[in-house]
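Chemist: Fit chain B to the known structure of chain A by using the hints.
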Amino acid sequence: MLNDPAALIIRKKTWDGYFLLALRSPRVARRAKPGQFLMVRVSGQPYPLLRRPLSIHARDEEGVEIFFARSGLGTAILADKKTGETLDILGPLGKGFVIPATAKGKSFCLIGGGRGIAPLYFLARELRAKGGHPRVFYGGKTEADLPLIRKFAALKTEVFISTDDGSLGFPGLVTAMVEKELARSARPARIYACGPDPMMKKIAGIAAGLNIPAQLSLESIMGCGIGACWGCVRKVLRGGSAEWVKICEEGPVFASREIVWDL
Amino acid sequence: MDLTIDLGFLKLRNPVLAASGTFGYGLEFKPFVNLDKLGGIVVKGLYFNPRPGNPPPRLAESASGLINSIGLQGIGVRAFCEKILPQLQGLRTPIIVNVCGETDEEYAAVIDYLNKDGRIAGFELNISCPNVKKEGRCPALSPEHTFSLVKLAKESSRLPLIVKLSPNVTDIVSVARAAEEAGADAISLINTLLAMAVDIETRRPRLANTFGGLSGPAVKPIALRMVYQVASRVRIPVIGMGGIMTGRDALEFLIVGAKAVEVGTANFVDPGASVRIVREINEFCREKKIKKIEDIIGTLKIDEVQASR
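Order-wise, the sequence lines are chains A and B. Here our numbering is used: position 9 in the first sequence is 9, and no number is missing along the way. Here our numbering is used: position 112 in the second sequence is 112, and no number is missing along the way.
Chain A with its partners taken away, still in its complex shape (with noise of 0.2 Å):
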């Protein structure tokens, strides 16, 4: 992890409030990996204090993408930001989603809700790279929700949607789709899922009724995100017994069988 203080943004996409930046950073770009995060700093006085957690949603030779939705104050702030200023950013922080060795013509169960859709497409790409299959199931509550469809399609994947107002795709929340998709296709070796926590917790009673394998990237207000503030803390199995465990340095991405829900 490391501190570049002016990432340059390059080029900047705007949907109807969702945003992507892309960011000019060789360094973080060299050591990303697909789950990790951001840490970014959305102004330079005192307000808003705090960094915002955001995860890397895509990387080449030269930097790095971020893709976030309009949700408060910081991200309203960074939404603002225009092409040729920079961006003060830490990372990238956390460890990201475990691809398995051999990822060779086996098929993945890819799930994004809304914003959690980010890491996905790092992840997508990825997994094609190492010759496996990623299938996309990508929720939200409204077309709109749904920005990235075509980026998703061109990877040659294949792209689920669902809307929860039947606006597009299949009618009614990602995991309904997911369920019946998966009662109906073959098994996949793995799934990995990130979205708000009522989904992450759906997905994995899905996995587990299904003996799948499910890496789930959960969300959290965070302090510092390099482990420093014990702020982000999530109950997760350690040795047999429950514990606080810090998101950002121990995930974001957790194993599914790992996280303890008491929602």
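Hints are all accurate, no fakes.
Pairs of lysine-lysine, DSBU-like flavour, derived with a Cα cap of 35 Å:
#1 B:Lys-133 / B:Lys-154
#2 B:Lys-30 / A:Lys-235
#3 B:Lys-134 / A:Lys-201
#4 B:Lys-11 / B:Lys-292
#5 A:Lys-95 / B:Lys-83
#6 B:Lys-11 / B:Lys-289
#7 B:Lys-30 / A:Lys-81
#8 B:Lys-83 / A:Lys-33
#9 B:Lys-116 / B:Lys-151
#10 B:Lys-301 / B:Lys-289
#11 B:Lys-11 / B:Lys-291
#12 B:Lys-30 / A:Lys-12
#13 A:Lys-33 / A:Lys-151
#14 A:Lys-201 / A:Lys-13
#15 A:Lys-201 / B:Lys-133
#16 B:Lys-37 / A:Lys-95
#17 B:Lys-30 / A:Lys-130
Hints listed in this document are in silico derivations from the structure and should not be mistaken for laboratory results.
Modeler: Positioned in the frame of chain A, the structure of chain B alone reads:
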């Protein structure tokens, strides 16, 4: 430029220490700062045994501030000595251990255990964490409890003892004096201010613990006032903290009488903050042709009329 500080019981390379609870056990910051450039490191609070801490959410952001209710989650003294200290060996910067206790006896037990360890330069007695007892209760809210606990700790300790005070009191000077009379070698303040935040959608507190401790730039003026009050009324050295983000912030604390400062929440925002603040103090002194940092301590210019208020 001479940035060294003599606390009497400990000489510091410069007046900037990393504050407990914001710098982990030091190791977390190795990728970002040269730890040897700090005046000192106060490591995260230790109970005798590992401690689970409070349920999440543990953090809420406020205007220029951070409210936390971590609840002193930690690994306990044994793991600290066996796993952490060896990794800090070879460091020139003094390591100060922040000492916690559920009971007065536990404070003494932690000190007893760590006394033998030559790698520790001193203790900071944490009698002021607002997140471990109901409604923020802690020994530092009462001069009487502060006196008896500091006395006990001082009897147990073979190392210098800094006592960290709470701002959640009506008369900070009386608590500081109690600590001094009980034998404290220095006083550090302020710990966080008892605070809360509410989510208006759910009408629930934003912290699982309801209350938390406020830190960050929002608290700096209060911290500065309290450090000034205490520094003018006790003879032992005072270490000031509360919302220090820059060298200029740190200098304000030195001018009102702090002999050193601790940098806390700033470490979360900018992991290089502590060393940057040392550099900024140095630059200021060079600009103003101040040869020794000690020459700036307690130099607040104040009229008699103002002082009598």
